[in-house]
Each structure stands twice: as C-alpha cells, then as structure tokens.
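Undergrad: Chains as they are written, first to last, in the numbering used here: chain Y, 1118 to 1429; chain B, 1118 to 1429; chain E, 1118 to 1429; chain A, 1118 to 1429.
Which copy is meant is left open, so a pair is good if it fits within one copy or across any two.
Simulated crosslink set (DMTMM-like; lysine to aspartate or glutamate; CA at most 20 Å straight-line):
(1) Lys1396 x Glu1382
(2) Lys1371 x Glu1145
(3) Lys1416 x Glu1192
(4) Lys1396 x Glu1378
(5) Lys1370 x Glu1148
(6) Lys1416 x Asp1193
(7) Lys1396 x Asp1420
(8) Lys1416 x Glu1378
(9) Lys1416 x Glu1382
(10) Lys1396 x Glu1421
(11) Lys1425 x Glu1405
(12) Lys1425 x Glu1393
(13) Lys1130 x Glu1149
(14) Lys1130 x Glu1145
(15) Lys1396 x Glu1427
(16) Lys1425 x Glu1382
(17) Lys1425 x Glu1386
(18) Lys1416 x Glu1427
(19) Lys1425 x Asp1351
(20) Lys1371 x Glu1382
(21) Lys1370 x Asp1193
Because the hints were derived from the structure by calculation, they are not lab data.
4 protein chains.
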Amino acid sequence: MTNLTQEQSLEIKEARAASRVTRRVVSEGLEEVLYQAVPVLDHGFVRVIDYMGDDGAVVQAARVSYGRGTKKISEDRGLIHYLLRHWHTTPFEMAEIKFHVKLPIFVARQWIRHRMANVNEYSARYSTLDREFYIPAAEHLSAQSVQNRQGRGEVVGAAEAERVLRILTDDAQRNYDHYLDLLNHDEGGQQLRDDQRGLARELARMNLSLNFYTQWYWKTDLHNLMNFLRLRADPHAQYEIRVYAEVILDILKKWVPLTYEAFREHRLEAATFSGEALKALRRMLAGEHVEQLDTSMSKREWDEFLAKLELS
Amino acid sequence: MTNLTQEQSLEIKEARAASRVTRRVVSEGLEEVLYQAVPVLDHGFVRVIDYMGDDGAVVQAARVSYGRGTKKISEDRGLIHYLLRHWHTTPFEMAEIKFHVKLPIFVARQWIRHRMANVNEYSARYSTLDREFYIPAAEHLSAQSVQNRQGRGEVVGAAEAERVLRILTDDAQRNYDHYLDLLNHDEGGQQLRDDQRGLARELARMNLSLNFYTQWYWKTDLHNLMNFLRLRADPHAQYEIRVYAEVILDILKKWVPLTYEAFREHRLEAATFSGEALKALRRMLAGEHVEQLDTSMSKREWDEFLAKLELS
Amino acid sequence: MTNLTQEQSLEIKEARAASRVTRRVVSEGLEEVLYQAVPVLDHGFVRVIDYMGDDGAVVQAARVSYGRGTKKISEDRGLIHYLLRHWHTTPFEMAEIKFHVKLPIFVARQWIRHRMANVNEYSARYSTLDREFYIPAAEHLSAQSVQNRQGRGEVVGAAEAERVLRILTDDAQRNYDHYLDLLNHDEGGQQLRDDQRGLARELARMNLSLNFYTQWYWKTDLHNLMNFLRLRADPHAQYEIRVYAEVILDILKKWVPLTYEAFREHRLEAATFSGEALKALRRMLAGEHVEQLDTSMSKREWDEFLAKLELS
Amino acid sequence: MTNLTQEQSLEIKEARAASRVTRRVVSEGLEEVLYQAVPVLDHGFVRVIDYMGDDGAVVQAARVSYGRGTKKISEDRGLIHYLLRHWHTTPFEMAEIKFHVKLPIFVARQWIRHRMANVNEYSARYSTLDREFYIPAAEHLSAQSVQNRQGRGEVVGAAEAERVLRILTDDAQRNYDHYLDLLNHDEGGQQLRDDQRGLARELARMNLSLNFYTQWYWKTDLHNLMNFLRLRADPHAQYEIRVYAEVILDILKKWVPLTYEAFREHRLEAATFSGEALKALRRMLAGEHVEQLDTSMSKREWDEFLAKLELS
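Sequences and hints are given; from them, build the entire structure.
TA: What follows is the structure, given as structure tokens:
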C-alpha cells in the first residue's frame, strides 16, 4: 500500500505488537484492527488509534436511568434497539473513539462541519505538505447531474476522462512544484537558492489546490459518530467522503456489533413519513387508490414517498 | 464505608478483579484506582469507571500539528507546559474520562452547568430514590458572609448548629416518609394500602428536598475537566462541590501527572493582571510607590491586585 | 394573574410601551406578544424577551449554500419544508430566541439537559427564594402507570387527591418556614433573632423541596428549540414540562409560521419506520396479510408499528 | 470598492434604506453600520446582517443570578468589568450577532475551528465559484521566520516579491481557466463544447487553490466572539485572519461599547503569570535581583515573563 510512508508502517507494526494489561472493558473486535490503516482513495486512509467502551457502556448508561428496578428485565440487544428507535441519544455518548485520517482538503472541509468532535490537524504553517493529491479513478469522473443540482450524473467518456485527468494531474504537479519553489527548497527539504530565504509556509500553502491531502486525529462519541455516518454514508453524500464513511461503518460493526445492527435497522434502512404521507399510507392500507393530487404533497415529496415504499 | 450499598461494593470488587489484554495506551496510575469509590460528604462518592489516553495522547495530538519536523525537539513535559501556558486547548480534548458520582441534588444542579460533558442520571421517574440526604458536619455550618453576597462567613455556635441540624434532619426524614407514603409503599418496596395504587413516581419525587442524593455517569475530556476543576476547586466554590473537585484533582494527578503539574502551575496557582494592573506593576518594579488612586483601578480591583502579589 | 409580582407586571407594561426603530428584520407576530408572560402551572410563566431573525433568516441561510443559481427557483414555503424533510439543520440555527421562564425545580432539572442553549438562572446563593411551590391540580394527580415504568396511569380518587395535596402543601410550607428560620429572617427580610446571623443562603436552600419555583433566562436557536419541542411537547413527556412546551409551540407559530407548519408536518405528526417495518409495510401494500410473527419485530415494536398506522 | 458585486451593493443599499419598528432593545452604534460591507484583503469583506441584545443584555442576565437584592448596587460598567475579570462567561452568551463574510479558503479553514458558532457556507457543489483569489500585497510577502516555526520573518525583496506574485497569480488564473474548462462553460456560464456535459461541480472545484474566495454567514454569541477575537486579533495570528478580527473588533466597539472596553482591559491587554512567575515577581517587588537561574522557569518562559513586564 502506498498510502502510508515506510515510517508510518513501522510505527503501526510496533504499536500493534505491544500488549498491555487493563482493568477496562475491551472490544475484542476493535482490538484486532487497532492502529491498522485501511486505505481509502488513492493516498488516504482511516485507522483507529484509541477507543473507550463498547456496547456494554451504552447499556450500563441506559440502566443508571432505569435504576435497579429493571436490571434483569431487558436484554442488551432489545434495550439498544429500543434506545435507537426512541431517539434516546445520551447513552450512546458514553462510548468514544479516536481516528487517524488522511484525506483530501475538500473532503476535510465537509467533514469538519460535524462540530461535536475533537480535531487536531497537521498544520501547513509548521510543516511542509507532501506531494500527494487526489486524482479520481476514471470510473468516478461523472458529469454534473441534470436533475440534482448538487449531484453527479453519468460517467464521462474515455477521451474526456483522459483529458480531465491530465488537467487535474498537471495542475496539481505544477502547483506543488511552485509551492516548493516559493518555499525555496527541494523535495528533500534542501535549500534551492542560497541568496534568499523561502516564503513563509503559511503563505506558500495557498498555492496548493483542494485535492491535496491533509491528516488529522478525529475523536468523537458513538452518538455523534452515528450522526456523521447517517449523513455521510448516505447515497446522496459526495462519493469522496462516502468511501471514508463506509470504512468507518465497517469499523463500527467490529467495535459495537449490537449498536451497529440497530443503527442499520433504525437509521440507515429506516424512512420517515410526514403527517400527510402517513394519511396517504393509511388510506392505501384501507384499500383506497391514492394519487398525488389526492394529497397535499408536492410532486417531489410524492416521488420520495413512493420511492420509500418501492412503488415508483 | 456507608457510602456504598453492599451490592455496589461487591460489583466494584468483581470489576477490579478482572484483567484484560489491550493494545491501547494504559495509565498505570489510574488503573490502580479504577472502579474504586472515594467517599465524599456523608453519603456521596466519586469513582472512575473508564478512561482513554494519558499524557502521551496530548503530546501526540500536539505533534500532528507540528508535523514530523519537530518530532525530536521538544520533550513531553516542556511541550505540555507550553500548550497550557499558551492556551492551546485542542490537544487536551484528545483524552477522555468517565466517572460515576453520587452527590446531593443541589450540587448536581451546579455541576450540570458544565455543558461540554455527557451525563446519564439515575431517574426518579423510573425508580424510587433511597433515604439518603446530605446533612453537613457541624464545622461546615457557616453563617451568611457579610462582605460576600454568595459566600459563607463564620461557623455558627454549637447550640445553633444543633438546632440547624435537627431542622435539616427532621424535615428530610419527614419529606422522605411522605414520599414513601405518596408512593404507597414501604422502605422495602411493599405496598402499604391495598385499596389503591401509589402516586406516579414522577410526581411524588417533588416532595424531596434538594439535599437528597442522586447518582450519575459523567464523561468529559481532559480540557473540559480542567475547566471544571479551575472553577470548582477554587476557594470561592461552594464547599459541597469543592470537595468533589478536590477528589477529582487527585485522580487527575494519577491519570496524567505531567498535565496535572502544568495545570497547577499555569492555572490553579497562576494569576491574570489586567492592562491597568500591568501598568501599575511596571511602575512598582521601576521603584515607584503606587497607590490605588494613582491608577484607574476600583477599590475592589486594587485589593485583588495586592492580594495576587501578597502585598495586602 | 398571580404568577407575576406587581413589580414584574409593571416592568412588562413599560417594556411593551417602548418602541424603537431598527434596520433589522422584524417578526410581526412575535412583536405583538413580546415581553408578555403566558401563565403556566400555578405560579410559572413563559415570556419572550428578545429574538433575532424570522422564517426569512432560514431561507437566506439555505440560499447562500445554493448560490445565486437557484435564487428564484424555490419558494420560501417549499424550501423550508424541503429542509426539514431532509434534516438540513444548519439554516435553522440562524434564528435565535430568548425566553424568561419561571418553573418548578424538578422541571428545570429536565429542561437543563438540553445543552445547546444559554442559561442564566436565579441564584439561591445570592438571593432568597420566594414562598412559591408547585401543587398539582387534582385532575393531574395520577397513579403510577402499570405498563409504563416512567408514566402516569389513572387519576387518583377525590379522597386520595385531597390527602396527597395536603401532604405536598404542608411539607412545602414547613420546608419554607424552616428555610426562613435557618436564614434567620422573616418573609419581609427582617432579622428574627438579634443575637445571631442566619445560616448561609447556599446551605439553607437545601431544605427546600423540588417543587419550589426558580427562574431563568433561556436562549437557543430555532433548530435546537425544535429539538426541545419534539421531545417535550411529546405525549410521553411529563405533563409539567409539556405544558411549557405547548406554550412555546404557540410562540413558535407566531414567530416563524412557515417553519412551524413544516415542523408539525415533518416532525410532530411524522413517524419513522425501521427497515423491518418498511418491509412489512410493503408486503401489506401488496395485499399480503402480515402478522407480528411473520416479521422479526418484537411484540412491543409491532404494537408501535400498528399504532403509527392507526391499525391497533 | 471591488469587493462587492453590483448586485450585492444594490441589495445592501435597499436593506439599509428599510426601517422598521420594534419593541426589542436596539444598539444604536451597530444599527448605523448594519448591512454595510467593510472591505478586507483584496476581495473580501465583513458585514453584520443581524444581531440581538447589547451591553444591557449582559447586565440583565448577570442580575437574574444576583436576584433583586443587588439591583441597585452595581453600575453596569463596573459589573461588566467584574464579570470579565472573574471569568463569568454565561451572561455574555446572552447577546448574539450574525456576519456575512467573504474570505479566502485557507482563512476559512482556520476560522471554522471555532465550533461554538453557526455557519452556512456558499457551496461549490451547487454553484460555480467566481474568478476571485487572494494575492497578498507585496509588503505582506514575508520569508519564513527563523525563530518561530509557524511565523513570518522579514519581508522579501522587491525582485523576489515580483516573482512570487507572478507565480501565485499565474497558477490561480490557470487553475480557474481549467476549472471552467472542466465544467465546460465560460465565464458567463455558457456551454463551451456542445458534444458533452461538464464535469460535476463537486469534482471540478478540487482544481482550485486555497487562496480562492468563499462566503458564509457566521453567527455566534458575544462570549464566543470574544474567544475568537482573543485568538485571532492576537499578534501571533496569521496576518490574513487577523485583519478580519480587527474589523470585527471595531464592530464590537460599536455594538457593546462597555464590553469592548472591559475586553481590551481584561483580555487583550492583560497577561497571565504562572505560579513560578508570581513567586519571581514577589521577590522582585521585595527588592531582590532575580535571574532566570534563580527560578524554575525555562529560558523561553523567562523571556516571555520579562516581555510581559517590558523588562526585556
């Protein structure tokens, strides 16, 4: 995998080799993949570098609210399903996870909008960025969608793809060449011109384009992680952030298998029906034939309604 | 210790006996006291039930910002001092801790104002509260302060103390007797009167006074924990919450000894001087004799200024 | 109305009489009721004391994201419905409202769990609380529910109601008498016993029960206000907080009528169906007869499913 | 001013011409400049588009905590100074302000780290960005600092400046030319090549560099605004964000003059001394000659200590 430097690979190997004794709860599934980098896109990755709690932490927190009275009544699985179904969110805040992520800057700009998280990002004021930028695979080069103002339409043809990739690659390479030139040092950090100092890093970085890679540590709790996944693992999310969400979804399954299952059932695969949609639904279940004009739903809402029921 | 039920003591003993293997970072100091309840006030306690990260997590997060360039330059201790001195807060958000706390309701009402935390509280809608209420020790029964509108003054005399304690105890006992009566069950949960159901728990609880004990799980990150401690371990904090903060301060020392040391130095024992105070200070250091009227400070601000310099 | 002091009534009258010129957007509906106190429970109230923005602020914020391209396409009403239907929350954070609320302490304890808000509460460390406590009307005195561990069941009989009300009233009166006694002053603030100072306010308050009234300023944005209302105007919320939510719901209607309408439609009257529930629904719409055992839903989930469809 | 489009200038003129009647509190100073755009950098601006509350809102919130007892004692100015001096933050959360800001993307990336705010940003998934990018003035082109890993050193020479500006300008122009080419439309939005659709906007944008301008609405409360200003109006902040902070500082003065004055005094011009620094200070005030080695301060801390006292 070229997404990691040799130094990073070594660090990961060492970290994984270490084994310590703890009195804390352990998630066996997550321990297995701890520190390992899962490659994403052409140079990115996601890896878990620490965590706290498991499904049991959710259950324990829910039960402090119920008191001793209900201790034996509910089973863990049923309780977790109940909590998610009824939007009881605070017990899911009791488990925490920390990721190390390498991602293109335009993806980082979407990701950072999730405010209920802690972030420490690699700073291009302190350090020089590497010559690493995202170039989409040809099969992900889509034209602007006609119906959806923010979406992608059909994949572009082979010739156009080649042209696009050349532009993106040439510009990124030239931007980086000039970035080094402005900094007055070469790829290895050696000074280029003796007679002058390079431009301040905090200025030179502005010449890099939004597909350059950055890195950060990102820590959040299980509740906010699910909020992130609900939005970013959604088919409407931009492909380049969705692939990160999908990797994290897989990590979620290893970490908290019961919560993962309930999350799929009550969030990812669930659908919400408005008051008007419910009325239409009840009429349909009573055997009535209902059309859009029989309701107060707009054309767009009606289409979404049918799609949820797989009737379109 | 009477602050724990026998059931709780047993659970703690069991939890402490278990030992698991992990690839995660471990704080040896904290592992030693994990799950143990430290008694606070007459029936309360604080205990750590989980954590994530240690001093190293702070350093690691700070260094991702500096990039590889500075990896070997700074030592951990100096870096942590630097971060706190310059109010770099995000690296301290990368470590997390979870407490189980038993505390009087009026203390819980102050505590909950710290919003950057996660809480699951024992619910008196679901369960019946125990006959446990806070009665101050005689030496903490102070008269209203004359100078400080929100503080305590001198300790009251022995006769008055006895009178106060009798009132507090009698009222709490009667409130609890009536609480059970309203619920229509006795101390053991047995129904009292066969001919009727008890009042809903969510209503009956309103008859309890603010010194009754509640319990919660409280989880926060290291940065927000220090904010909590700066306010609540302060001499101006109400005694009944300060004793909790002092226990947590001791836990902080075991968990993250370097951060603890820097926190003492740059927060607890530090003092801030306003622009005007700095001007006065510079004149004094230049040998000038300065009095309040030579400055634009108010009497109150001047007194605080002298106190910080131990000149009052 | 006895829920306001004469002083407060006068202040409100004066505040409402004033009229100023502004370049800001104005919500006519909210201006009409600004500062007015709506009575809630026996001594409580809710009043709006400031606000920023209206439905237009939501639309404006949504459109900055769409850019100039879509400026004329969407109408405001449709856009607001679209935003709520698709859980686009940030535009609703752009309007803000501030309330002055008087409420029993046990209600305040539920309310404060909504962390995304700003609060300044009347402090019993600085000032003496009034002799005001909540006593439920007889028709709200319900027995503990048998099915629902946290709910209310049937209303208690007249004789039992009388008994309950006597206990609650007597205990609250006695608690307050003793509170004054501990403070060593009478109702008017005059010292009772010359030979001693009263107990510190921060201690004496612990003798008050949870039905005593407190007051606060509470400020939040439109998005978080709707979160509050979704949980607290829900039929499962405790009656004593629900009545506050219902008053605020009415204020919402005056402030942002379009958002209010969409909120009713897509939140209050909406229902979410899990993946399993959707499968059952699709089979039913295809004419199949489906029973609980044909699905993987639990008995409880199945009952909820039928209830949403009004088939139970 | 070329920082606004003609359309924007017109909108601002219209918005400023409107005048409405309100019962709300009004900040005369802020009304005067409401909606007006203050130019920042070569194409950016800051303008206030709404607000709620003024200095009085802070005072009112502080007093609800003190209760009626202290109503007449403190004057507003003294109270606000007291609150800031003693880090009482919640009353400052009671006033709110909303800005419209146009700023380079690399500045936006620093700005967004302030999480306690609400943001709606212009989306390059929905709309095409303009040909507007930041090119520093020659006098702000500084070399990398030698001492400070994240700072700027001396301004570069005229010849080098010319070279740098040419690189930055050429690359940004070319990036934008290719951005339009990828989108397959010209500056006016007309399709370039008939035989194909342009690349999806969400992809094409990645070819733009970090100095391109974006826009957003940004709303925060007075407390969090001061946190932002403390960090971003600081001499160590990057010049390109500091100029925005300075404009906002000027707006703060118009909006809440008393808070502004206290903020200067107790934050901007204040300095914090650690426990060790305080000990040294006390010895110096007692007439002792103190050097770094007499203390446990590091060289760096000692230099900062002297700088605060203007003794270096």
